[in-house]
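J.: This is what each chain is made of:
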Amino acid sequence: MVDIILRILFAFLSISALGALLGFGLAVAARKLRVERDKTVESLMSSLPGLNCGACGYPGCEGYAEALASGQESNVTKCSPGGAEVRQAVAQTLGVEAGESGPRQVARLACLGGDGIALRDFQYAGYSDCEAAKVHFDGDKGCKHGCLGLGSCVKSCPVDAISYTENGLVRVDEEKCIGCEVCVTVCPTGAMHMVDAESKWFVACNSTDKAKATKAVCSAGCIGCRICERKFPEAGFKVEDNLSVLAYTKESGEGRREAAEACPVKCIIRTKD
Amino acid sequence: MTYLGIILTYVFVSNLVLSQFLGLCPFIGVSKNTESAVGMGFAVTFVMSLATLITWALQNFVLVPLRIEFLQTVTFILVIASLVQLVEMAVRKFSPPLYQALGIYLPLITTNCGVLGIALISVNAEYGPMESFLAGLSAGIGFLLALLLMSGIRERLDTERVPRHLKGSPIAFISGGLMALAFMAFDKALLSNLIGG
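Going line by line, the protein sequences match chains A and B. FYI, the numbering for the first sequence is 12 to 284, going by our numbering. FYI, the numbering for the second sequence is 223 to 419, going by our numbering.
The hints are simulated quantities; they were obtained by calculation from the structure and are not laboratory data. Where hints are given, some of them may not hold.
Unchecked claim - 25 Å max Cα-Cα, derived DSS-like pairs, lysine-lysine:
1. A:223 with A:145
2. A:249 with A:155
3. A:242 with A:223
4. A:277 with A:223
5. A:277 with A:211
6. A:50 with B:315
7. B:389 with A:166
8. A:145 with B:254
9. A:277 with A:249
10. B:389 with A:145
11. A:43 with B:315
12. B:389 with A:155
13. A:166 with A:145
14. A:50 with A:89
To be verified - Over 12 Å on every C-beta distance to chain A, these chain B residues come out as not near it, computed from the model:
15. 254
16. 267
17. 347
18. 351
19. 353
20. 371
21. 378
22. 383
23. 395
24. 399
25. 400
26. 409
27. 410
28. 416
These figures come from a predicted structure and were not determined experimentally. Using N, Cα and C, we set each Cβ at its ideal position, and we do this for glycine too.
Sequences and hints are given; from them, build the entire structure.
T.: Dropping the structure here:
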């Protein structure tokens, strides 16, 4: 009996001692072996958002900060999540002009084919991930360009800006969206598009199939009828590859409302009041 | 077993990845290009050599005298994790170029079961300090070899026409399996013929 208790005691004491020793050793080592980081990198890190989203093309904020500090990177406008504020702070730290990078971009889902609108070819009951669904005959939807609704983008969004909707699609919260394009990269069907945050109208379809094929599988898919392009030339719609695309560069944008109303499938939607 | 025997055993015959199936995570994860495969391989070799030496000391000077060998796994993990941390700090301080090359792979090794695997294997085989160190070193070299071969295969696979559903990890696993089959040629009989014992 005493023997067993002694063993347990030894075990307890030696593991505690070992843990404490290693912890203490690491703490001392961390202090002794600390590497003085570049002051510029430090201050850049404090002004960058720290989301590590990778929108700048570097592995995390630290990578971008180091590239900036070492002079390998001269473009201070690469941090799209930070916006003008971060750009200003970074430029100030480095002592350069901030410059302008285009208007704020946000992600939007170019698909209206929720439950009841888009037909499904079969029942997908596999692993709940868009990429996995895509591997099985390009997904369960009849339309192979639309949102699969399994939420690979929801899971990958670094700021939780994307949520599921009741009708089997996803929605991007434009206030939260930082424009990092992670969802655009992750979406296997390419249904996530980057658009100007300011624009009020949006063609919510991604299908480049011919009208007949689109109509057969989805009642809200762009059929490339060119009504928006021909009747409202000022609005800036352009049909390419059986899909209408809104060119946001066009300043006036008159007739967009009328174009939306005239659209036979109503896939031009208003995104802002 | 002679030193040469230990080296041959852990590099070829009992290759950690290809015949013991340990450390498969970095084997698939870091074998996409040769450069990072070699970086990871050397980092693992370095940590394995140190880890087997230190766990040998821990086993023989702490666990056995106190008769608490049943805590082997726990203590070994503790020691290996701290060791990796310490190595990372030391490398960062004293050799920035090496840190640049190995930096991101070092923390990954903390959770590489191959390191714990070779530590437990060499303790169970009751090796002496020199033999333990050699076992760790050659297991690391074996890991490096497997990763290097795999990365070569995967780089060539990138340009091949692979069936769409096998692209990426699936074809990597299949090639890895075939490679493991090839490594079955290195068996104990061959080893004893080679070194006569």
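J.: Run the structure past the numbered hints and jot down the numbers of the failing ones, going up.
T.: Violated hints: none at all, because every hint is consistent with the structure.
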